[in-house]
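Participant: Protein chains in written order, with my numbering: chain A, 1 to 87; chain B, 1 to 336; chain C, 1 to 365.
Rather than coming from a laboratory, the hints here were simulated on the basis of the structure.
Quick reminder that beta carbons are idealized off the backbone N, C-alpha and C, glycines included.
One thing to keep in mind: the hints can contain errors.
DEER-style ranges, computed between Cβ atoms [said to hold, decoys possible]:
| # | chain 1 | residue 1 | chain 2 | residue 2 | range |
| --- | --- | --- | --- | --- | --- |
| 1 | C | Arg158 | B | Asp192 | 29 to 39 Å |
| 2 | B | Arg184 | C | Ala310 | 29 to 39 Å |
| 3 | A | Leu65 | B | Ala284 | 25 to 35 Å |
| 4 | B | Glu306 | A | Glu64 | 56 to 66 Å |
Derived DSBU-like pairs: lysine-lysine, alpha-carbon spacing no greater than 35 Å straight-line [what the hints assert, rightly or not]:
| # | chain 1 | residue 1 | chain 2 | residue 2 |
| --- | --- | --- | --- | --- |
| 5 | B | Lys162 | C | Lys15 |
| 6 | C | Lys161 | A | Lys39 |
| 7 | C | Lys30 | B | Lys162 |
| 8 | B | Lys130 | C | Lys107 |
| 9 | C | Lys334 | C | Lys30 |
| 10 | C | Lys132 | C | Lys107 |
| 11 | B | Lys162 | B | Lys293 |
| 12 | A | Lys39 | C | Lys153 |
| 13 | C | Lys107 | C | Lys287 |
Far from chain A, by Cβ distances over 10 Å, these chain C residues were calculated [as the list claims (entries may be wrong)]:
| # | residue |
| --- | --- |
| 14 | Ser101 |
| 15 | Pro183 |
| 16 | Val323 |
| 17 | Leu325 |
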Amino acid sequence: MCLAIPAQVVSIGDFRMAEVDIHGVTRTVSLDLVPEADKGSWVLVHAGFAIQVVDEEFANETWELLNQIQWDDSDGTLTSDAAALEA
Amino acid sequence: MRSDRVLLAHGSGGTMMRELIEDIFVARFGDEALLRMDDAAALDVPPGRIALTTDTYVVTPRFFPGGDIGHLAVAGTVNDVSTAGATPLFLTVGFILEEGLPIEELRRILDSMANVAEEAGVRIVTGDTKVVERGHGDGIYINTAGVGVIRDGLDLSGSHCKPGDVVLLSGTLGDHGIAVMSTREGLNFGTDVVSDAAPLNHLVGAVLDAAPDARCFRDPTRGGLSSCLNELASASAVSITVEEDAVPVREQVRGACEMLGYDVFQVANEGKMVAVVPAEQADAALAAMRGSKYGEDAAIIGTVAEGPAGRVYVHTTFGARRIMDMLVGEQLPRIC
Amino acid sequence: MKDVQSAWRDPELAKRLLDLIAKAADRPMKLMEVCGTHTVAIARFGLRDVMPANVTLLSGPGCPVCVTANRDIDLAIEIGRVPGVVLTTFGDMMKVPGSYSSLSREKADGRDVRIVYSPLDAVRMAQEEPDKQVVFLGVGFETTVPTIAATIKAAGARGVKNFSVLSVHKTVPLALEALVNDPEVAIDGFILPGHVSTIIGPEPYEFIASRYHVPGVATGFEPIDVLQGVYMLAKQIHDGRAEIEIAYRRGINEHGNPTARALIEEVFEPCDSEWRGIGVIPGTGLKIRERFSAFDAALRFDVTPPEPKAIPGCQCGDVLRGVVLPFQCRLFGKGCTPEHPIGPCMVSSEGSCAAYYRYTDYGRA
């Protein structure tokens, strides 16, 4: 029950209805559920509403960290960089 | 033509019907056979085997970004005839008009039809009109038949694909379906994706010149690429594998599909051609497509293999393999 | 934003994660993906086939369409038959069979049934057609519930009187408890639904870990997300831990979405709910609160649907609980196919059976 896709807020109109852009397709969605969203914010869109603000930097960072996870064979633990990922 | 709307009387066979036909249809199509106003067109047909097709167009809305039902009707018929390796020559057009249809809209649709026919080099030689009561007929339905002469010695068929053959696609997927979807009530989203409706007879001709041993052509209309490939795989009792990364899809179409939960392989196209050719002629076929109008984004998208018969696989971006399943019923927008 | 295609579907990173999973999964483990969207993602990307042998992925009851009981669909249909009613729904529900009919069948028979992408579209229809009664069929988990809550409030604010919601929503955490307590089901860890967790955060699942010692990882829907989630679960099991962790950091915060949670709380209250194939799970339903009862379709329409009846031969219940894999159902592929579906698991676009049938070779001749 979970199709929600990232979109960027292009402009905000009355009643917190916003134009968002998904790969060049624009749509009007409600920002009622994300009072903190602003022009330029990345949000997850589901059923005509933005349901969460996505932290873009965070997303990129997480991906970098994922690429660094190592398995330490001696005791089956992670290296400390990757442990930060799970914190 | 005095009325600004189609009336029941226009379909009744009397003077008003004659007025409609002369002032609107014949005036726009202007073909010498039509001008004779006979019940049947008498035509000179070049020698050879004939390809004959029929189709009916019921799309709503009748006007959508990039085209209208008229574009579809002529392009679709021309394309079907072309898939037989035939040069399309003559079209018939039958109209079912709803009482109340604005004449202005009818003129626009006929304009579209005439323009596409001209581009394709086909003649609209005979037609029929009926008018149905308001509340029936969705504005306008168009039925066509198309006739062409098959190139000498050619025997194209969906049952001729062989292991080792290469599958080509003439351009980006999903444009028409998404363009039409963008106008549907309750699914309003702004996009500059436009329908790809276009006549592809010249493109098919170019590919046949470059790859004379081509097995078959198909246009991936309703049901999209998926229906098309599944039908070919079944008819030829082979399997087909598509490289997901090789399939051209516009960013916006991808975005719209993600948003609606659609599978782009199942979205309709009205100006695209799938061709299956022997491997050694693939590069030539691709070059021919890319050199044709409407084929700039053509790509090699897959290969044919032994079996299991009737299976179509997708080799995913991610590196795994899954089945490309045929559409069952209609695609409905999902939030799940 | 890192391009989804390249980053979260990166085959190299996927291989690394699969290696890590293989190392962590040093004993057989059964992990249940609760969310139907996960089932589809796993099938679509072929992840089940590339999992190390020790890891079995089971599909659970996370398809709200599949678990909506016949009784509720029958009620919606009965309301839809009241003259002047426009029944609006998400596309997902159209083809799902009730006891005697389906929404799509009703539409074919001439009832005014319309698909909307957003519940706000239904309110707009109500405003544009004041002589109609617009009813929205509210199916879904916590991802969707706040959108309906916001819609009900918006309808109130706009003074729309001809709009109501039939709430058959369900909530996830207590349903997981029912699964853990079910003797036929044996789960070592839960792959928790990504976007439900976007709304509720990890906290409502904590009791599964603390009381039952079953770990859970909330993850997203791209292949890398799923693999990361499986890896973190395998690691927990390997370490003997049972915690609720978040893998989908870009979509889930520690506290979920507090605005959304508050809206749910304001408009709805928990009640019991019947899950197809499982039965009533107390506290997993959501009822519109009295304050907003003017928007409750169950109160507005006085209809009596016929007695619900089960679908003969259908094993959807077993599939939904993970007791049986789709291709193990006696009807899968024989008698029950997407063309001629018998149960909701095959009808629903994210039903387990549909996912298996559409994307894998299982069950095909």
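Participant: The structure should be examined with respect to each hint, and the outcome stated for every one.
Facilitator: Status of each hint after checking the structure:
no.	hint	verdict
1	C/Arg158 to B/Asp192: 29 to 39 Å	holds (32 Å)
2	B/Arg184 to C/Ala310: 29 to 39 Å	holds (36 Å)
3	A/Leu65 to B/Ala284: 25 to 35 Å	violated (48 Å)
4	B/Glu306 to A/Glu64: 56 to 66 Å	violated (43 Å)
5	B/Lys162 to C/Lys15	holds (34 Å)
6	C/Lys161 to A/Lys39	holds (33 Å)
7	C/Lys30 to B/Lys162	violated (42 Å)
8	B/Lys130 to C/Lys107	holds (28 Å)
9	C/Lys334 to C/Lys30	holds (27 Å)
10	C/Lys132 to C/Lys107	holds (16 Å)
11	B/Lys162 to B/Lys293	holds (28 Å)
12	A/Lys39 to C/Lys153	holds (24 Å)
13	C/Lys107 to C/Lys287	holds (27 Å)
14	Ser101	holds (23 Å)
15	Pro183	holds (27 Å)
16	Val323	holds (22 Å)
17	Leu325	holds (21 Å)
Checked against the numbered hints given earlier, this structure breaks hints 3, 4 and 7; the rest are met.
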